[in-house]
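J.: One letter stands for each residue in the lines below.
Number of protein chains: 2
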Amino acid sequence: MKELEEKIRKEGRVLPGTILKVDSFLNHLVDVALFSEMGKRFAEEFKAESITKVLTVEASGIALASIAAQFFPNSPRVLYAKKSRALNQDSNVYSTPVFSFTHNKQYLMTVDKQYLLPTDRILIIDDFLANGGAVNGLLRLCEQAGATVCGIGIAIEKGFMGGGDRFRSEGHHLCSLAVVDAMNDGEIVFRQ
Amino acid sequence: MKELEEKIRKEGRVLPGTILKVDSFLNHLVDVALFSEMGKRFAEEFKAESITKVLTVEASGIALASIAAQFFPNSPRVLYAKKSRALNQDSNVYSTPVFSFTHNKQYLMTVDKQYLLPTDRILIIDDFLANGGAVNGLLRLCEQAGATVCGIGIAIEKGFMGGGDRFRSEGHHLCSLAVVDAMNDGEIVFRQ
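Chains S and E supply the protein sequences, listed in that same order. Going by the working numbering, the first residue of the first sequence is number 5, and it counts up by one from there. Going by the working numbering, the first residue of the second sequence is number 5, and it counts up by one from there.
Worth flagging that the hints you see were computed from the coordinates, not collected in a lab. Check before you lean on any hint, since a few could be wrong.
Since the list gives no way to pick one copy over another, a pair counts as held whenever it fits inside one copy or between any two copies.
EDC-like cross-link-like pairs, simulated, lysine to aspartate or glutamate; straight-line CA separation at most 20 Å [stated by the list, open to error]: (1) Lys14 to Asp116; (2) Lys25 to Glu62; (3) Lys109 to Glu62; (4) Lys117 to Glu15; (5) Lys25 to Asp116; (6) Lys87 to Glu62; (7) Lys6 to Glu49; (8) Lys117 to Glu147.
All values derive from a computational prediction rather than experimental measurement.
Start from the sequences, fold in the hints, and give me the full structure.
T.: This is the structure we're talking about:
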């Protein structure tokens with residue numbers, strides 16, 4: 005998506021350790037108008053899939069999932085998996101361990117069983133896809149629930165990290181709006 | 005807001021310890037259509053305020069803030085304060101300690117200094133207001149930045165916890181879409 009690529013070129017910062025910092029519009033400050041355009045793009049891509057729920061994980065996936073869900077037919081609800089346990093959370097959850105490179109620690113990703121059903125047709129949405137740990141966790145939760153995963157929508161995929169290509173080779177319908185294939189000396193190269 | 009009160013009556017569960025569980029539509033599963041109506045209500049309430057940014061805190065405030073921001077003039081961006089430090093986060097942050105009763109622990113609420121400016125006219129949005137710890141943290145961050153807080157928009161206020169009335173007595177323009185004044189034997193009483 006050209007608009008997103010231009011935004012990344014303009015505002016993205018490449019930091020040591022293959023970090024692409026895009027918190028001026030994606031995951032700290034949120035450019036809501038750009039998110040609307042991204043949401044419409046996902047709705048177009050997955051319009052044939054009769055999505056019943058959009059699944060993401062807290063915290064940075066929530067804004068994109070919530071805005072995107074508005075553009076789908078039949079008002080799919082957004083379900084966000086949790087990373088930490090609240091005192092008032094039911095113990096009746098699906099769960100899977102996920103390692104976060106951004107925070108350098110493992111967490112337990114959970115969703116309440118009553119909200120993820122065998123009849124659900126799921127679109128997974130997240131802001132970033134690198135090695136694929138978070139998306140893999142969401143796929144495992146859907147597997148536990150017996151829900152059907154109809155697609156994966158990502159804003160920015162770090163193509164050189166391999167997660168995206170692994171999901172494609174497994175047959176998933178993955179739509180990444182911008183795929184960064186290299187960050188050489190601060191220059192960002194997008195996949196064509 | 006009648007629609008929200010009806011939803012709380014229908015789907016809310018009162019648990020021991022004055023817990024009101026509304027995760028079937030507010031803070032785990034998200035009813036996007038209802039959130040749109042809440043967002044429009046905030047836009048109407050604060051339309052005269054020339055809001056430049058909508059400020060919230062991860063994770064459960066993000067969906068409401070993002071959807072609400074779409075209905076304001078001049079596309080205000082959403083800024084969400086963080087509760088835990090990512091490895092790629094700048095150290096140049098405003099910060100304040102906040103105690104979470106939901107998780108029974110203290111955390112450091114932060115925003116990057118470059119995204120909260122003295123020229124900003126801020127609308128604070130959150131899904132829940134009880135004793136007011138999270139909103140108070142957001143107010144402190146705005147104070148540190150010299151930003152102007154023009155209003156506070158809340159989905160559900162637990163009126164009997166006192167946080168909301170304290171902010172009102174301090175002169176804040178607080179709009180809570182549903183105020184729960186009592187939860188007696190499981191019966192929910194709304195403020196008129």
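J.: Now, for every hint given, state plainly whether the structure supports it.
T.: Verification of the hints:
Taking CA atoms no more than 20 Å apart as the test, Lys14 paired with Asp116 passes between copies only; the shortest distance there is 19 Å, against 40 Å inside one copy. Taking the shortest alpha-carbon separations for Lys25 and Glu62, both the intra-copy value of 18 Å and the inter-copy value of 18 Å come in at or below 20 Å. In this assembly of identical chains, the alpha carbons of Lys109 and Glu62 lie at most 20 Å apart whether taken from the same copy (15 Å) or from different copies (19 Å). Proximity of Lys117 and Glu15 under a CA criterion of 20 Å is satisfied inter-copy only: 16 Å between copies versus 40 Å inside one chain copy.
Within a single copy, Lys25 and Asp116 get their C-alpha atoms only as close as 32 Å, which misses the 20 Å cut-off; across copies the closest is 13 Å, which meets it. Taking the shortest Cα distances, Lys87 and Glu62 sit within 20 Å of each other both inside one copy (7 Å) and across copies (12 Å). Within a single copy, Lys6 and Glu49 get their C-alpha atoms as close as 16 Å, which meets the 20 Å cut-off; across copies the closest is 36 Å, which misses it. In this assembly of identical chains, the alpha carbons of Lys117 and Glu147 lie at most 20 Å apart only when taken from the same copy (12 Å versus 41 Å across copies).
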